[in-house]
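Student: The chain contents come next:
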Amino acid sequence: MRMNYKAISTAIVASTAILLAAAQQDAPKDGGNSPAPPAADPQKDAHKGHNHKHAGATIGHAAPEFTLKSVDGKTYNLSDYKGNIVILEWFCSTCPASGNGDNSYWGSGSATTTVAGVKAADPTAIYLAINSTKDGHQQQTTAVEGAASAAVITKAGQAIPILVDADGKVGRAYGAKTTPHVFIVDGTGNIAYIGAPTSDDGKTNYIVNAVTALKAGKPVAPATTKNKGCGIKYAK
Amino acid sequence: MIISRAMRLAVYGACAFLTLAATRGAGPVAASIVPHLAVGHDGSHNIVVRFTIDPQWHLYWSNPGDSGIAPTVKLTLPAGWTASEPIFPRPQVFGTSKDRTYGYSSSLDLLVPVTAAAGDTATSIAVTASIEWMTCKGSVCVFGKFDGPAQVSTQAVPIAGLSIVRAYPSKLPPSISTTFEGMLTAPTLVISAAASAGIEGMRFIPDSVAGIEFLDGTGPMIAKISGERVAIRIPFAVHLADAVDGPPRLRGLLLTGSKDSDSTYRIDLALPDVPAKAK
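Sequences listed follow chains A and B, in order.
The first sequence begins at 1 in our numbering and counts up one residue at a time.
The second sequence begins at 1 in our numbering and counts up one residue at a time.
Incorrect hints may appear among the rest.
Calculated cross-link-like contacts (lysine to aspartate or glutamate; reagent style EDC-like; alpha-carbon spacing at most 16 Å) [stated by the list, open to error]: (1) K74(B) with E132(B); (2) K74(B) with D167(A); (3) K74(B) with D147(B); (4) K236(A) with D135(A); (5) K233(A) with D167(A); (6) K226(A) with D99(B); (7) K236(A) with E85(B); (8) K226(A) with D207(B); (9) K74(B) with D200(A); (10) K171(B) with D268(B); (11) K226(A) with D200(A); (12) K74(B) with E85(B); (13) K233(A) with D135(A); (14) K145(B) with D102(A); (15) K233(A) with D99(B).
Just so you know, these hints were derived from the structure itself, not from any lab.
Same shape as in the complex, but just chain B:
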C-alpha cells in the first residue's frame, strides 16, 4: 500500500513535470499569445505576444544595440484582418559604452496592432503565430521559437489591465521640442526642454533605420544642461543609398526618469528636404 502510494506520487510528479515542460518549451524563454485583444491608449486593438524570461536571461529591443537580435512575430489572421509591425515597449539599458544593448528581463509584452475585417462580429478569432527570438545570458545565447495556433477573444480589455505593457505616445509634451540643426554641414537633431521643466535624466535611444547613421554610436545619448535649457544633441549622417522603403526617418525613444513607469515618448521624424529620388 505504501509502495503503491509512492508510485502514484511519482507518476503524478512526472505528469506535472511533463505538463510544465510542454508549456514552457525547452529554453529559458517561453512565448504565448494572450487570449484576448488589448485596447491601446489610442483606441487601437492589439494582439499581445507575451514572453516570460528566466532569471539572468534577456530579450532584445527592436534595435538591440551593439549586439543581439530582436524577436520577430508573424501572425496569420482570419481573412480580412490585418496586422501591423509589433510595438516594443521601453527597454532596459544593458552593458557598457563599449558593448551597449537594449532589451528586457523577466517578461516582455509585444503589442501587435490589428484591424478587424469589415463587418466581422466574431467574438473570437483563430490566430496562428510564428515567433522567433534570440535570448542571452552573459556570454551564452540561444535561439527560441514558438509556432502554434491560438484563439483570441475579440472582447478587448483596456491595456492597463495587462501586467507590464509599457506603451508610449508619439506626441511630445509642450515642454519638449525637437529641431534639426546644421543639415548642410553636420546634421544634428536637438531635443531640448527648459531646465525648469523638471524633466530629469532625459535620454534618447536610437532605433535602427536603414540610411541613418548615428555618429555618436549606440547611445543612449544623454541630455546636458546648457544655460536655461537641457538638451540632447544627436549628430547623424544620411546615406540615401542605404535606405529602403522610401526616405529614412529619424526614430528612437525619448526616456525620462529611470523607472519603467516614467514617461517615454516615441521620436519619429521626417528629415527636412529629402531628395525626390528617395520618395
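Bound-form chain A, shown alone:
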C-alpha cells in the first residue's frame, strides 16, 4: 500500500481549520495579551493523532499541571502562567551535561544565551528549572542539591527559579528522562516542544526557535528532538 501524504495533509489541515474556527468563537477575550494561537499545523496534529499511549507529556496535548516549591520556598503552579509560554528545563547540578562544569549546558554559557534569546523573543515567557533528583543522590540531600543548583544558575548570572521535585512525580508525569530535557508549554497550556535545548553543535537553539515561532503564531518545527544527557535519578 502506498501512502498519500498530500491527501492526508489536506484532510488534516481542513479538519484543524474547522476546529480552530470553532475554538476561536468560544475563546475568552483577553485584550490581546496572550500569545497568538499557533496556525493549523498538520505536523503537530500528526504528533497527537496516533493511538499509542505515551508515557508522559505529548505534543499538542495539555501539559500536566503541577504545584512545586522552589529552592527559596516559593510555590509555583503551572496554571498560574496560562497565557504565557513556559519553558521547563530538567536540571541537575552534578550532571556534566546540565549544571556541572564548564562544558555543561549552564557552565558553558549556552543556557545564558538561551535565556537571553527567550527574553528577546517574548519578554513574558517564563523559564523554570526543575530538579527531580532523588534525595541522597551522590550522598547529597535535596537541600544540598537545591543549594548547589542555585549556585550554578547564579554563577551563570541568571535568576531562574529552581523547582524541587524530589519525589519525581512531576518529572515522571512529563516523561522527563535526562538533564537537560526541555518541555515548552504554549499559551493555551499545551505542549509545543519536547527535546534538547540546542543542537549537538550548539548552532541551533531549539528553545529560542520554539518561543519565537509560538510568539509569531507559527508552528514549532522541530516540535521534538532527541534529548541527551544524564539519566534522571528518580526516587523509587
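Here the structure of chain A is known, so what remains is to put chain B in place on it, guided by the hints.
Tutor: Chain B alone, transformed into the frame defined by chain A:
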C-alpha cells in the same frame, strides 16, 4: 647506599606513574587512534578510534537510549582525504524498561571510513583528532576529551586483525524480510523470518533519526512467534517537520542471539512515498 637505592626506586616509581597518567588521562576512559588503517568487510579503509573503559563505566551507542550521550569524533585529515560518520559496533543493552540505554563496557573501537586523496601514495598520514565522550558509572557521569595529533600508517590491516571490532552488514540474509504495513493509519515496520530459520532472540534496537518517532519507546523491540513466522512489529510515526537533511529513514540494528559475535544487521530503510517537500 640502601637509602640511595630506595630513592632511585621511588623516582622510577614516580616516573612510571606519571607516564601512565599522561597516557590514560585523568578520567575513567582513555581514547587513542590506532596507528594503522583497518580494512572493512566491504573493502573500505577506516581510521580506528579506540576507547579503553575502566571497570563499571560505560560509553554510549549512537542512540544512547533514554539517557546518555554518544561519543563524537572530529578528524582533520591531509588535503584531499575525506572522512565519513563513525560506525558504531553492536552495543550492549543496559538498564531496565523504564531507563533503557545502549552502550559499551571495557572497550570500544569506532570505525571512521576514510577515502584517500586521488593519487596519494604516502605510507602514513598525519591526523588530528578531537574526540569527546560522556561516560557513566551508576549515577555518576563525567565528560572526557582527547585532542591531539596521530600518525596513521596507510598500510591497512584486515579488520579481523583488530581486537574487538564488531562490524555488521546492511544486507539481510534471505531468511529475514522487512515490510511496511498500515502506512495510512498506523505505520509499522515488520521484520520477520520463518520460525524454522533458527534465528534465536531476534531484537531490533532503533537508532535516533529526526522525524521518526518509535511509538513503543526505546526498545529493544523483541520478536514474537506468530504461527510459522517470528516477527518484530515496530510501530512508528513520521513527523516531517522535525526531519533534517531530507526525508527521514528508518534506522536501527537487528540483533540475533545474545553474544557480541552473533549476527547483527544494519536496518536503513527509505519510507514509502515521502512527500516531495521533504526530498
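Student: Which of the stated hints cannot be reconciled with the structure, identified by number in ascending sequence?
Tutor: Hints 2 and 7 not satisfied by this model.
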